[in-house]
Amino acid sequence: MKEFKPLPDQPAPNDTVGPIHWVKDNFFSSAANTIATLLILALLATVIPPLVDWLLISANWSGTTQDACTKDGACWVFVIAWSKQFFYGSYPTEELWRINLCVLMLIGVIASSQLLNKDWRNKFSIPAFLLLPFVCILILDGSWIGLEYVSTDYWGGFALNVLLAAASIIVAFPLSFVWALGRRSEMPFIKSVSILLIEFFRGVPVLALFFMGSVMLPLFFPEGTNVDKLVRVWIVLTLFMAGYMAEVFRGGFQAVPTGQYEAADSLGLSYWQKTLLIILPQVIKVSMPNILATFVMLFKNTTFLLIIGIFEVLSTTQTALTNSNWLGGHSTEGYLFVAIVFWICCYSMSRISASIERKLDTSHKN
Amino acid sequence: MSEKPQVKSSPSFFNNPRNRSIIYQLLLLFGLGYFFYSIISNTLANMEARGIQSGYDFLFNTAGFDILMSLIPYDATNTYGRTFIVGLLNTVLVSIIGIILSTMVGFIMGVAHFSHNLLIRKLATAYVETFRNIPLLLQIFFWYFAVLAALPSARQSMSLGEVIFLNVRGLYFPGLTPEGGASVVYAAIAAAIIGIFVLKRWAKKRQDDTGQQFPVLWVSLGMLFGLPLLALIVMGFPFAWDIPYLKGFNFRGGITVIPELMALALALTVYTGAFIAEAVRAGIQAVPHGQTEAARSIGLKEGKIMKLIIVPQAMRVIVPLLNSEYQSLVKNSTLATAIGYPDLFTVFVGTTLNQTGQAIEIVFMTMAVYFVVNMTISFLMNRLNSSVALTER
Chain A
1 MKEFKPLPDQ
11 PAPNDTVGPI
21 HWVKDNFFSS
31 AANTIATLLI
41 LALLATVIPP
51 LVDWLLISAN
61 WSGTTQDACT
71 KDGACWVFVI
81 AWSKQFFYGS
91 YPTEELWRIN
101 LCVLMLIGVI
111 ASSQLLNKDW
121 RNKFSIPAFL
131 LLPFVCILIL
141 DGSWIGLEYV
151 STDYWGGFAL
161 NVLLAAASII
171 VAFPLSFVWA
181 LGRRSEMPFI
191 KSVSILLIEF
201 FRGVPVLALF
211 FMGSVMLPLF
221 FPEGTNVDKL
231 VRVWIVLTLF
241 MAGYMAEVFR
251 GGFQAVPTGQ
261 YEAADSLGLS
271 YWQKTLLIIL
281 PQVIKVSMPN
291 ILATFVMLFK
301 NTTFLLIIGI
311 FEVLSTTQTA
321 LTNSNWLGGH
331 STEGYLFVAI
341 VFWICCYSMS
351 RISASIERKL
361 DTSHKN
Chain B
1 MSEKPQVKSS
11 PSFFNNPRNR
21 SIIYQLLLLF
31 GLGYFFYSII
41 SNTLANMEAR
51 GIQSGYDFLF
61 NTAGFDILMS
71 LIPYDATNTY
81 GRTFIVGLLN
91 TVLVSIIGII
101 LSTMVGFIMG
111 VAHFSHNLLI
121 RKLATAYVET
131 FRNIPLLLQI
141 FFWYFAVLAA
151 LPSARQSMSL
161 GEVIFLNVRG
171 LYFPGLTPEG
181 GASVVYAAIA
191 AAIIGIFVLK
201 RWAKKRQDDT
211 GQQFPVLWVS
221 LGMLFGLPLL
231 ALIVMGFPFA
241 WDIPYLKGFN
251 FRGGITVIPE
261 LMALALALTV
271 YTGAFIAEAV
281 RAGIQAVPHG
291 QTEAARSIGL
301 KEGKIMKLII
311 VPQAMRVIVP
321 LLNSEYQSLV
331 KNSTLATAIG
341 YPDLFTVFVG
351 TTLNQTGQAI
361 EIVFMTMAVY
371 FVVNMTISFL
381 MNRLNSSVAL
391 TER
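Sequence lines, in order, name chains A and B.
Residues 1 to 366 in full-length UniProt numbering are what the first sequence lists, from first letter to last.
Residues 1 to 393 in full-length UniProt numbering are what the second sequence lists, from first letter to last.
Mixed in with the good hints there might be a few duds.
To be verified - Once the Cα atoms are required to be at most 30 Å apart in a straight line, the calculated DSBU-like pairs of lysine-lysine come out as:
1) 307(B) / 24(A)
2) 24(A) / 301(B)
3) 123(A) / 359(A)
4) 118(A) / 285(A)
5) 304(B) / 205(B)
6) 229(A) / 84(A)
7) 191(A) / 274(A)
8) 359(A) / 118(A)
9) 191(A) / 331(B)
10) 229(A) / 331(B)
11) 71(A) / 84(A)
12) 359(A) / 285(A)
13) 301(B) / 205(B)
14) 24(A) / 122(B)
15) 301(B) / 122(B)
16) 274(A) / 359(A)
17) 200(B) / 307(B)
18) 200(B) / 301(B)
19) 359(A) / 122(B)
20) 285(A) / 191(A)
21) 24(A) / 304(B)
Bear in mind the hints are in silico, worked out from the structure with no lab data behind them.
Produce the complete structure using the sequences and hints provided.
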C-alpha cells in the first residue's frame, strides 16, 4: 500500500508577511492612508524635536534660584525648588517623616495585597487598607498619640489630595452601599429618601457642594461649634462620592442573577446574611472596575478644593507661580509637573482596574 | 416520628415583614425630622445672630458691580436678579459650545480608534489616555495661564486676512449688522429648516414604501445654503460688516471672545471629548463583528456599512453614556470661577453672595438651575435614546 506523504509546507507568499508588508498594511494601505501617514509624520517631525529640546536638552536642571535658568529650555529648577511644597504643603520640615511614614505604609499595604495569598489578603490587607487613612490622620495630627500637634492649616500639597480622596472613599463605601440597598428597598419612604439623596449628590456640581460645605454647613451647626475646614471638606467629598458609588452598586446589584437571591432565601438566610454573605461579594466583584473609575474621578476632583482655599497641590502651584522670586513665567513647567504626577497615578489606577477585571473574571467564556 | 414540627400559625409581631417595614420607616421619618428640625432651628438662630434677613427681596436691589461679559444688556445699575440671568446665559453658552465641540472631537477620536492606519490609532489612544487622566482644573489653568497668556499683545495681534484677530485680550471676529430687509433672510433660513424636516419625513416614507433612496443630505445642504443665499441676492445683501479695528490699546467692534471663555471651552472640549471618544469606542466594539461581515456579504460598501449597520447599533450603547458626559460637562463648567469667566457660579455664588450674604437662597437657586439644566439634558437624551433603542418584536 502506498503511504500518503504530504508535501512540505510552502512559505506564506512574500507580500503577506514580513516587516515590509506590515508597514504597507499599517501605513500605506490606501491613498488616503498614505496621505494621513505622511501628514502625521510631518506634524510629529515639526513638533517633537523642539519639544524634546525644550523639555530635556536645553532645559535647566541645577540651581536653586530663578537666576540659574539661563538656557532657553524649561526651567526645572522651579519645580525642584518647590518640590517639597508640592508634595508636603507647608507641613513642618522636622515632622515630614510622618508623611513619609504614611506613604511607606500605603506602599506596604498595596504590596501586601499583591504578594500575600488570598487568605492573608482578606485577613490583613483589606482591614489594613480600610484603617490606613484613619491611622494616617492620627499620625499627621499628632495630638492624639502624643506627638507634636500639627494644625490642619499646615496640611497641604499632593499628600493632602491623596489623603482626602482615600479617607472619603472609605467612609463612602458603607454609606453608598446602604443607599443603594435603600434604593432597591420595597419600603416606599426609605426608597424615596434614598433616591433623593443619590440624585441630589449626583445632580449638583461638586463645586456647589464645596460651597455648601464652606458657606452653609457652619450655619447648620449649633452656635459656637467650630468644625475644622478639612473635616467639612471630608464630609462633602464623602457624600459626593457616596452618591456616585451608590449608582455603581445599583448596577452591581442588577448584575447579580435573581437565582442567587432565591437560593439564599430558600436556604433560610436572614436579610443581612443574604445581603452580606451572598450578594455583597458578587456585587463588589462586578462593580470593582467602576468603583476604581469613580475613585479616579474623585481623586482628580480633589483639585477643585483650590477654589475654596484648601492648599492642595494645584493651589500650592498657583502660590509658587505668583511668588515674587519666581515671576519668570514658569506656569508651563509647574502645570506640566503636576499633570505628570496626576497622570501617573490615574493611569496606573486604570491599569489596575483593568487587571482586577481580568483577575476576578471567573466566567468560562475564555 | 412522634414529634410534630412546631409551626406557628402567624409570626410574632416583630417578625411580621409588614410591621417591621412600618417601624423602620417611622424610625427613619423621625430621625430625618429631628435632623431637619435641628438644622433649621440652628440655621435660624445663626442667621439671627449674624443679622441676615432671609427671603428673596435682595433680587430687586441694585447690584452695583460690572460683569466681564454679558449676552444681554447689563450694567452696574441693574438688579441682582439680572446678574442671575446674565450668569445663567453665560453658563448655557459655554455648555452649548462645549457639548457641540466635544461631541465632534469625541466622535472623530472614537472612530479613529478603528482606523486602518496604525499612526491614527495610536494618536487617538494617546489623546484619550492623556487628557482623561489629568484633572480638568489643571487643564483649564494650562490653557488660560500657560497658552493663552503667552499670546501677543493687541498691537502685535495674529490676524487672519486682517478681519479675524487673536491676541492676549481675546479672539475678534467680524460681526454682521442687519439693515432693512434682513428679516427676509431670516425667514428664508427658517423656511429652509422647516423644508428639511418635511423632506426628511417624505424621504423616509418613500424609502419605507418603495425602497428607493433619496439623496437627503445633499438636497438639505442645498436648501440650507441656497435659500438664504437667494434671499441675500434678491434683497441686495441687507447686512453691514462690522470688522474689528485697533483703537488705542484694544480692538473695537465685531464680536469678541474673551480668553476666559476660550480657555474654559477648550478645556471642557478636550477633557469631555476624551470621555466621549471612549464611549464611542465602547459602542462600536459592542456591535458584533458578524454584523459587518453580514453587511459585506450582501454587498454594501464600507461607508454604507458604517452609516447604516454599525452606527445605528452602536448608538444604543453610546447615547446613555453621552447623556452622563453632557451632564458632567455642564456641572464642570462651574470651574469657570477659577479663571473668572462670568458664569452663573462666578457671578451669582461668587460676587452676589459675597455682597448680599444670602447664602441659603443663592446656593439653593444655583443648585436648582443645575438640576433643571441636567434634567433637560436627560429628557432630551432619553428621547433620543428611545428612538435608537432596540425595538424587539
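Right, here's what the structure says about each hint:
no.	hint	in the structure
1	307(B) / 24(A)	holds (27 Å)
2	24(A) / 301(B)	holds (23 Å)
3	123(A) / 359(A)	holds (19 Å)
4	118(A) / 285(A)	holds (15 Å)
5	304(B) / 205(B)	holds (20 Å)
6	229(A) / 84(A)	holds (23 Å)
7	191(A) / 274(A)	holds (19 Å)
8	359(A) / 118(A)	holds (12 Å)
9	191(A) / 331(B)	holds (26 Å)
10	229(A) / 331(B)	holds (23 Å)
11	71(A) / 84(A)	holds (24 Å)
12	359(A) / 285(A)	holds (10 Å)
13	301(B) / 205(B)	holds (23 Å)
14	24(A) / 122(B)	holds (17 Å)
15	301(B) / 122(B)	holds (26 Å)
16	274(A) / 359(A)	holds (25 Å)
17	200(B) / 307(B)	holds (16 Å)
18	200(B) / 301(B)	holds (23 Å)
19	359(A) / 122(B)	holds (26 Å)
20	285(A) / 191(A)	holds (24 Å)
21	24(A) / 304(B)	holds (25 Å)
Of the numbered hints given earlier, the model fails none.
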